[in-house]
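Using this note's numbering, read the sequence shown as starting at 315 and increasing by one per residue.
Any given hint might turn out to be false.
[Claimed, not checked] Taking lysine to aspartate or glutamate and the DMTMM-like style, the derived pairs with C-alpha atoms no more than 20 Å apart in a straight line are:
(1) Lys746 x Glu524
(2) Lys643 x Asp597
(3) Lys682 x Asp726
(4) Lys568 x Asp724
(5) Lys674 x Glu742
(6) Lys583 x Asp562
(7) Lys409 x Glu533
(8) Lys654 x Glu588
(9) Lys568 x Asp513
(10) Lys652 x Glu742
Bear in mind the hints are in silico, worked out from the structure with no lab data behind them.
The structure displayed is predicted, hence computed values, not measured ones.
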Amino acid sequence: MCGIFGIYGVNNASNYTYFGLYSLQHRGQESAGIAVYDGKKIREWKGMGLVSEVFNEKILQELPGNIAIGHVRYSTTGSSSLQNVQPFCINFSKKTLALTHNGNLVNAYQLRCSLEDDGHIFQTTMDSEVIMHLIVKNLKKGLVPAIAETMRQIKGAYSVLLLYEDTLVAFRDPWGFRPLAFGIFDGGYVIASETCAFDLLGAQYLRDVEPGEILVINENGPKSYYPFNELPKRNHCIFEFIYFARPDSYIFNKNVYIVRKNLGKNLYKECPLEGDFVMPFPDSGNYAAIGYAQASGLPLEFGMIRNHYIGRTFIEPSEKIRNISVRMKLNPVKEIIKGKEVIIIDDSLVRGTTCRNRIKSIKEAGAKKIHFLLSAPPIRYPCFFGIDFPSTSQLIAARHSVEEIRKFLDIDTLYYISIEGLLDSVNELKDKVCLACFNGVYPIEVNFEFRKDIAEV
Numbered sequence: 315m316c317g318i319f320g321i322y323g324v325n326n327a328s329n330y331t332y333f334g335l336y337s338l339q340h341r342g343q344e345s346a347g348i349a350v351y352d353g354k355k356i357r358e359w360k361g362m363g364l365v366s367e368v369f370n371e372k373i374l375q376e377l378p379g380n381i382a383i384g385h386v387r388y389s390t391t392g393s394s395s396l397q398n399v400q401p402f403c404i405n406f407s408k409k410t411l412a413l414t415h416n417g418n419l420v421n422a423y424q425l426r427c428s429l430e431d432d433g434h435i436f437q438t439t440m441d442s443e444v445i446m447h448l449i450v451k452n453l454k455k456g457l458v459p460a461i462a463e464t465m466r467q468i469k470g471a472y473s474v475l476l477l478y479e480d481t482l483v484a485f486r487d488p489w490g491f492r493p494l495a496f497g498i499f500d501g502g503y504v505i506a507s508e509t510c511a512f513d514l515l516g517a518q519y520l521r522d523v524e525p526g527e528i529l530v531i532n533e534n535g536p537k538s539y540y541p542f543n544e545l546p547k548r549n550h551c552i553f554e555f556i557y558f559a560r561p562d563s564y565i566f567n568k569n570v571y572i573v574r575k576n577l578g579k580n581l582y583k584e585c586p587l588e589g590d591f592v593m594p595f596p597d598s599g600n601y602a603a604i605g606y607a608q609a610s611g612l613p614l615e616f617g618m619i620r621n622h623y624i625g626r627t628f629i630e631p632s633e634k635i636r637n638i639s640v641r642m643k644l645n646p647v648k649e650i651i652k653g654k655e656v657i658i659i660d661d662s663l664v665r666g667t668t669c670r671n672r673i674k675s676i677k678e679a680g681a682k683k684i685h686f687l688l689s690a691p692p693i694r695y696p697c698f699f700g701i702d703f704p705s706t707s708q709l710i711a712a713r714h715s716v717e718e719i720r721k722f723l724d725i726d727t728l729y730y731i732s733i734e735g736l737l738d739s740v741n742e743l744k745d746k747v748c749l750a751c752f753n754g755v756y757p758i759e760v761n762f763e764f765r766k767d768i769a770e771v
């Protein structure tokens with residue numbers, strides 16, 4: 315998941331990076347970090363927790379400079395620990411490089427083993443460090459050739475920002491799995507995982523960093539390089555639209571809010587139901603629920619209220635305490651639900667246990683009938699490109715039929731949108747999205763053993 319942000323040629327770059335990361339907080343809540351070039355060296359600050367927990371005014375004042383990169387992390391490779399917090403910085407030949415990465419490499423383990431055989435010493439368990447080692451290994455050829463050679467060796471999803479003294483570089487995998495936007499701001503340039511970060515600053519979105527592109531920004535302005543003679547078919551992650559991205563963002567040149575409303579409208583086309591009202595499981599189901607309600611003519615109600623002020627919770631020792639934990643995040647409005655036939659919309663169903671507890675609370679609130687509709691097809695295959703369901707054993711739809719899942723959830727109706735309905739929701743992008751988690755067709759050949767825990771190496 316993860317969110318990355320970079321800014322070039324703007325005073326107080328760390329302050330703007332802070333706000334940029336704030337906009338991208340939904341992409342990762344484990345840790346946050348900023349690295350800044352002050353004209354002589356790169357300074358960094360990072361820590362575990364939310365952006366507002368890691369940084370304060372005093373810390374930002376100690377990060378002067380007009381070039382910066384930042385990162386918010388949700389780990390999919392490498393443990394959740396301080397050593398894995400990004401930006402990842404190294405000193406090399408009296409120079410400092412800093413790197414942030416959103417994505418997941420499928421050949422990181424093999425590359426790491428090869429690099430260690432050559433004498434490279436690793437400080438973290440992240441696949442991002444593999445990228446850095448490969449760049450440094452080839453840096454004597456020049457910065458752009460080193461990055462180009464690295465891109466030819468690594469396989470998988472990567473949107474990367476690299477800070478190398480007075481140069482900011484962005485590069486993106488040739489499949490275009492993860493989004494990366496490029497814009498202008500206050501006489502300088504900005505790059506971010508999503509355009510919502512631009513909106514907060516008042517920056518102007520120009521275009522996406524293209525799949526397979528190396529975008530170099532220095533005192534001469536931006537310049538693009540394209541190291542691949544041929545590019546594979548684009549495979550944008552469809553889950554960015556379904557769940558990851560903020561609804562006010564444009565990703566892959568499409569507005570997320572509109573796509574999610576389309577998903578809800580297509581759900582109604584495929585599964586028109588009668589009920590007293592439509593309600594989402596907030597916040598993930600909100601916009602598909604709006605689409606379903608508008609298409610059906612049924613009223614939209616918020617039958618569950620989300621608590622937005624939940625911090626980390628401990629592992630609970632008893633069933634009674636666990637039940638309280640479930641209600642900490644979402645609590646039903648009994649007066650709305652009691653005696654009603656409700657149509658619940660959510661984005662997806664992965665493991666099923668959390669959803670079962672939520673539905674149980676709806677039943678306890680007195681719902682007469684419960685219909686549950688999902689704006690993603692059944693997730694039957696693991697993802698190797700940055701989504702946190704890496705094992706088939708964790709996927710309820712991989713092991714059970716729709717009817718078995720309906721009985722497990724104890725509801726009247728369970729319906730998943732079809733792949734056709736999903737693709738229709740993204741219109742012209744329907745031939746340019748990755749559907750591997752639904753159909754098992756992986757854009758890159760994957761060695762299913764590659765996810766061996768790098769921390770054990």
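Taking the hints in turn, this is what the structure says about them:
For the hint linking Lys746 to Glu524, the alpha-carbon distance of about 13 Å falls within 20 Å, and the restraint holds. For the hint pairing Lys643 with Asp597, the CA-to-CA distance comes to about 11 Å; that is within 20 Å, so the pair holds. Straight-line distance between C-alpha atoms of Lys682 and Asp726 comes to about 10 Å, which keeps the hinted pair within the 20 Å bound. Distance check on the hinted pair: Lys568 and Asp724 sit about 37 Å apart at the alpha-carbon level, beyond 20 Å; violated.
Our distance criterion of 20 Å between C-alpha atoms is broken by Lys674 and Glu742, whose separation comes to about 39 Å. Between Lys583 and Asp562 the alpha-carbon distance is near 25 Å, which puts this suggested pair outside the 20 Å criterion. Between the alpha carbons of Lys409 and Glu533 the distance comes to roughly 18 Å, so the proposed pair stays at or under 20 Å and holds. A C-alpha spacing of about 11 Å is found between Lys654 and Glu588, which places the hinted pair at or below 20 Å, so the restraint holds.
Between Lys568 and Asp513 the alpha-carbon distance is near 15 Å, which keeps this suggested pair within the 20 Å criterion. At most 20 Å may separate the alpha-carbon atoms for a hinted pair to count; Lys652 and Glu742 exceed this at roughly 42 Å.
In this structure, the earlier hints numbered 4, 5, 6 and 10 are contradicted, and the remaining ones agree with it.
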